[in-house]
Amino acid sequence: MHLKPFLFTLVLTMTTLHAQTPPDVEKRPHTVTSPHGERQDEYYWLRDDERKDPQMLAYLNAENAYADAVLAPLKAQEDKLYDEIVARIKQDDSSVPERD
1 MHLKPFLFTL
11 VLTMTTLHAQ
21 TPPDVEKRPH
31 TVTSPHGERQ
41 DEYYWLRDDE
51 RKDPQMLAYL
61 NAENAYADAV
71 LAPLKAQEDK
81 LYDEIVARIK
91 QDDSSVPERD
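Sequential numbering of the sequence shown, starting at 1, is according to this note's numbering.
Heads up, some of the hints might be wrong.
As the list claims (entries may be wrong) - Distance ranges between label pairs, derived from CB positions:
(1) L81 to P23: 26 to 34 Å
(2) Q20 to D53: 23 to 31 Å
(3) Q91 to D68: 28 to 36 Å
(4) D83 to D41: 20 to 28 Å
(5) E38 to S94: 47 to 55 Å
(6) R47 to P73: 27 to 35 Å
To be verified - Under the rule of at most 30 Å between Cα atoms (straight-line distance), these lysine-lysine pairs were calculated in the DSBU-like manner:
(7) K90 to K80
(8) K90 to K75
(9) K27 to K52
Quick caveat, the hints were computed from the structure, so don't treat them as lab data. We put the beta carbon where it would ideally sit given N, CA and C, even for glycine.
With the hints as constraints, model all of the structure from the sequences given.
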């Protein structure tokens, strides 16, 4: 009997996946040099340690919006799972246990 809600969620998610299209990412040639040789990484431009590249940030925001849209049908299950996890935690725990 527990299989029916799972199948319903799976079907709902699959139909949502077809309705959404992931954002296209630009490929830029870049050669990465290492002690083991060189390799091509067309997505290297997405690495921005300063988090200031407007194109990278725009793509990241588009990816996040896509993920939110695809996972939206699972929000109820996410909340239920979170509540179950929190219910298993002792509410009086205030720190990590340490050895004597």
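Here is how each hint holds up against the structure:
One distance hint, 26 to 34 Å for the beta-carbon pair L81 and P23, holds here, with the actual separation near 27 Å. Distance hint check for Q20 and D53: the Cβ-Cβ separation is about 25 Å, which falls inside the suggested range of 23 to 31 Å. Distance hint check for Q91 and D68: the Cβ-Cβ separation is about 30 Å, which falls inside the suggested range of 28 to 36 Å. In this structure the hint that D83 and D41 lie 20 to 28 Å apart at CB is violated, the actual value being about 41 Å.
Between E38 and S94 the Cβ separation comes to about 52 Å, which falls inside the hinted range of 47 to 55 Å. Roughly 32 Å separates the CB atoms of R47 and P73, a value that falls within the hinted 27 to 35 Å. Distance hint between K90 and K80 is fulfilled; the C-alpha atoms sit about 18 Å from each other, no more than 30 Å. Among the hinted pairs, K90 with K75 is consistent with the structure: their alpha-carbon atoms are about 25 Å apart, no more than 30 Å.
Proximity of K27 to K52 is assessed by CA-CA distance (about 19 Å); at most 30 Å being required, the pair is judged to hold.
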